[in-house]
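A.B. asks: Sequences and hints are given; from them, build the entire structure.
Chains as they are written, first to last, in the working numbering: chain A, 62 to 1010; chain B, 14 to 107.
Worth flagging that the hints you see were computed from the coordinates, not collected in a lab.
Accuracy of the hints is not assured; some may be wrong.
Claimed, not checked - Simulated crosslink set (DSS-like; lysine-lysine; CA at most 25 Å straight-line): (1) A/Lys119 <-> A/Lys392; (2) A/Lys68 <-> A/Lys119; (3) A/Lys392 <-> A/Lys68; (4) A/Lys864 <-> A/Lys563; (5) B/Lys58 <-> A/Lys392; (6) A/Lys390 <-> B/Lys58.
Keep in mind that this is a model prediction, so the values were computed, not measured.
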Amino acid sequence: MGYERQKDFGTPAVRSESQVTLTIDGRAVTVPEGTTVMRAASESGGSIPKLCATDNLKQFGSCRLCLVEIEGARGTPASCTTPVAEGMVVKTQTPRLEKLRKGVMELYISDHPLDCLTCSANNDCELQDQAAAVGLRDVRYGYEGANHLAEPTDHSNPYFDFDPSKCIVCSRCVRACDEVQGTFALTVDGRGFASEISAGQTLDNFMSSECVSCGACVQACPTATLQEKKVKEVGKPERSVVTTCAYCGVGCTFRAEMRGEQLVRMVPYKDGKANRGHSCVKGRFAWGYANHQDRITSPMIRDSIDQPWREVSWDEALTYAADRLKTIKAKHGARALGGITSSRCTNEETFLVQKLIRGGFGSNNVDTCARVCHSPTGYGLKTTFGTSAGTQDFDSVEHSDVILVIGANPTDGHPVFGSRMKQRLRQGAKLIVIDPRRIDLVKSPHIEAAHHLPLQPGTNVALLTAIAHVIVTEGLAHEDFIRERCDWDEYQDWARFVSDEKHSPEVLEGVTRVPAQSVREAARLFATGGNGAIYYGLGVTEHSQGSSTVMAIANLAMVTGNIGRDGVGVNPLRGQNNVQGACDMGSFPHELPGYRHISDAETRALFEQDWGVTLDAEPGLRINNMLDAAVDGEFRAIYIQGEDILQSDPNTKHVAAGLEAMECVIVHDLFLNETANYAHIFLPGSTFLEKDGTFTNAERRIQPVRKVMEPANGMSDWEVTQALANALDLNWNYTHPSEILDEIARLTPSFAGVSWERLEREDSLQWPVNEQYPDGAPVMHVDGFVRGKGKFVVTEYVPTDEKTGPRFPLLLTTGRILSQYNVGAQTRRTENVQWHEEDLLEMHPSDADNRGLKDGDWTKLTSRTGETTLRLKVTDRVAPGVVYTTFHHPATQANVVTTDFSDWATNCPEYKVTAVQVMPSNGPSDWQEGYVDLTERARRIEGEMEPAE
Amino acid sequence: MSGSTIETLRRMADQIARNFEVMGHTDAVEATADHINMFWDPRMKQQIFADDRDALSPIARAAIDELAEGVEPAHQTRATVFNSAHEAGHSDAG
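C.D. replies: Okay, structure coming up:
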C-alpha cells in the first residue's frame, strides 16, 4: 500500500451494550454509550481538529482545538472529553469554532520553528495538518517574543531524538509512557510558558533516564519533537507493509514503513490483535541486524572445520551438501542424519525442514528450540488439560483480578504484554510473584506485588504444593467447578496428597525458604480474589521437574475454578516468536504436524501418500540425544536452520564435542554464529523482512509475515530448504509459501480452515480453525476441557540432583533482559548493545562481602561443568546464596557452566539451577581464551584478511 | 560432567521412574515403560536393553524388562495419547 498515517479516532473505543444516536453536522450517528463526540464524528467519517488527543490514550482536553457546539449546551465544549448523549445535536464547523481554533493555532505556531520545508516531519506532521485544517494564514503575535526555539536537541537515545524546540507540550508522550508503557519516565516539568517535557530527573537525558525506549512517546508525538533518527536520515516513508515481529512470542504486528527498498521504521500497527498498537525496544527499533556487515549472503563450504570457508555458488553448495548427506546415509543409514527446525522461522519454513528430514533424510531425528524452553509445557498441560496451548488470548488479562506470575519476567521477556499486565495491575488487580529474583514487576511505579515469594531455585513444585495445601485444607477449593469439569476421584486422590501435613507451608518452608505465612496469604488471595490468571515462563520449565511444575500450575487453576473464561487460565509465555508454530508443524521427533504420533500407521499413511515417501515409524532423537549419539559415532549429519545450539544449549563443551564429531554440519543462518564454528556448509538465511509466511504466537494466533524487501542472499529460507531438498532428488516445486500453507491445512486438522487468502482477509486466526471452530478459538476449554475431564495429577517434589556443597555453595539461575534477545545474534548487532554490552553476574551484597568482591569486579564463575569469567553486579535483587546472569553474549557463554541435568519427562535442560562458586578473577578463563582463538580460525574466509566477526 | 551415553540413559530412566513413583510401584512401572516406549529413539531403547539393568532403580528396571520382552505398554497418562489421523484435540506444544 502507499504511505498514509494510521487512522486516529482521537479517543479510545468504548465497549457498551447500549447504543446512542446523535446528530453530527446534520448526519445521524449511532455509537456505543460512553463514546466521545470526537470519536463519534471520526467513526462517521468526519474529522474534528485535534492535537492533544490520540486514540490509544485517555481523553485529556488540553489543546482546545477540538471545540464543538452542542445544541442546548453553553459554550464550546471539547469534543474529546464530551460523551455522546441520545438526541444530541453537534456542529463541528461554524464561524465561531473556526475563529476559536484559529486563535489556538496562532498561539502554538508563534512558538514553533517555521522550518516546515526542511523539517523531517514535513507532510507527516499533525501540527502542520491542523494549521492547514483551521485555515491559519498568519500569526498576529509575530515570532520575536519569548520562545523555545533555541532549546538544544537531546540525541542521547540511539534510535530517536528529542527536539524540544518543536514541542507543543500536548503531553501525549508523557501520557503514552504512563498509560501505554507504564514506565512513567517522562513528565511535564515547570508550569505555564516554562512547561517542558523532561525525561527522568533534572540532569537526565533520555538515555540516562528510566526510559525503556519502547517508542510509545515517538509514536504519540504529533510533531517532529520525538522522531526516529532513521526518518531524519532516510526521509519520509513512501509505502508500508503490515507484518509480524520476529522477536518474542507476543507476536506484535508492525507496519514496516519503507522508502524504496530501504526500511525507514517499524511502527506498531494499531489493529494488531496481540499488541494493540504497542511495541518494545526490540521490535520497534532493533532491526538493524538485517543489514549488518556481519551478514553472510553467499553460500560457503569447507572440507573440515580447521579450513577457511570458501564462497561458492548456490549450486555448488547444495550439491556439496547433498553429496555428503547421501554418502553418510548410504554408509551409516538414515538414522545417522537429522536436523533442527527454527522457532524464528515461519510455519511454512519449519514445516519444510521437518518434511525434508522425515521424507528426504529418512529419519525422525528432528527437534526444535522448544526442547530447551517450553517442552515441559507440552507434557504438563497435555497431561492435565488434554492439550497444551495457552488457554487465553492476551486481551484476557483485562478481566483478571489476581495475577500470579511464576518464573517469568514479562516486562523484560515479553515487554508488550508486560505493559498490558501493568495496565490491569494499575486498575487494581492484585499481583503474586513467585521468583527467586525481585523482578521489576514486584515494585514499579504505581504497582506493588501483594506477595513476592522468593523461593530457592529448584523448589517450584514444593511451593505450589504448599499453596495447594492451603487451598484444600482451608476449604477454598471450587468444588462445583471440579465436580463438573474434572475427574472427581482423581481430585480426591490429589487433595489427600496435598493435604498431608508434610506439604504444609510450615513444613516446606525449610525447602523453599519462603515464610509460611506469606505462602498462606498468597494462596488465600489466589483462591478468593476473583478471576485468577497464571502466567509463567522458563523459570518454571527449565528445571529437572519442569513438567511437574506445569502440572502443579494446572492443578492450581483447576482447584480454584480458574479455567474456561476471560480473565483466568494458564498462560505459558513463550520465548521465541514462532515456538508455538514450530511445535504445531511437527518439530518434535515423536510426532508429525498436528500432534499425531509417528507410530500411528493411519497418520503416517496420510503423509506418505501426500509426500510420496515412506516414513520411519519410530521416534527420533532429541537434540541432546543427537549430540550424545554423535559423540558415540551413531549420528553424523545435521541440518540446523536458524538456531545457535552452541550458545543456547547447556554444557557448551558437550555440544561442541557432539558437533565436532559429525561429518556434515549444515548451518543455515544470517550470520556465522557460534555453531557455525563447527560447520562444513553455510547456507545464508533471510530475515523476516525478506519472506512471506506465517508465525503463530503464544495465543495460538496465526499471523501473516509479509515480504517487504528482496532477500539479500537471493532466496527466502523456504526456497533454500526446497533447493536442498531438490538437490536430494525430492522434486519439490512450491512457488509461494501459501502453497505450503495449503499443504499444512490439508494435512493438519487444527489448521484445516487456514489459508493465506483468509489471513489476508482476517489478519489473524487462533487455532484450532476447523469445522468445530470455524473462526478459531480465543479462549480454550470454555464449556469443558477440549478432551475429556480435567485431570489432577499428583506432583511429588523430587529435589534436583544438582546440589550445592562446600566447593559449589551458590545456586546460579539464568534469564534474559529487555534489550537483548535469546543468544543475542540479532540484538547484539544493533544499538541495543548500548543498554547491555556484556553479561553481568548479579550477587547479593552479603555474598559479595564474604568473597571480598565489589561492583564491577571481574569474577570467575565455576561449576562442576566448566568455568567462565564475567563482571559482577552487586544487588539485593537476588537472595543470599543465589546468583544470576544472562546468556546473550558468546564472550561469556553462561552455558559453559550449566549442566546436563534436565526435565525428567522432556529433557528440557535445567538452566535455572547450577551449583557454582564465584571467586575474584583477573582475566578470561582458559576456555574463553581458547574459544576466541577457535572462533577466529573458524571464521576465516578465503580471500578475506579479517575474520567475519 | 557429561558422562557416557549409557550413563545418561540410566539417569533418564531413573528420573522418569522416580517422578512416577508416587503412583505406586505397579502403575509407576507401566507409566515408565509407556513413556520410554513413546518418546525414546530405538537406538536408545536397544542400548538400555543391552545394559546391566541392576544399575537401574527397581521401577526403571522393571519397566525396561517389560519393554525388552516386547510388551507394548498401555497408555498410562494423557501425555502418551496422541491425536488420531483426523483429530485436532491434543497438543503437546512446547
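A.B. asks: For each hint, tell me whether it holds in the structure or not.
C.D. replies: Hints, verified against the model:
Between A/Lys119 and A/Lys392 the alpha-carbon distance is near 68 Å, which puts this suggested pair outside the 25 Å criterion. A C-alpha spacing of about 17 Å is found between A/Lys68 and A/Lys119, which places the hinted pair at or below 25 Å, so the restraint holds. Using a Cα cut-off of 25 Å, the hinted pair A/Lys392 and A/Lys68 is violated, with the two alpha carbons roughly 62 Å apart. Restraint check for A/Lys864 and A/Lys563: satisfied, since their Cα atoms lie roughly 22 Å apart, inside the 25 Å limit.
Among the hinted pairs, B/Lys58 with A/Lys392 is consistent with the structure: their alpha-carbon atoms are about 22 Å apart, no more than 25 Å. With a CA separation close to 21 Å, the supplied pair A/Lys390 and B/Lys58 stays within the 25 Å bound.
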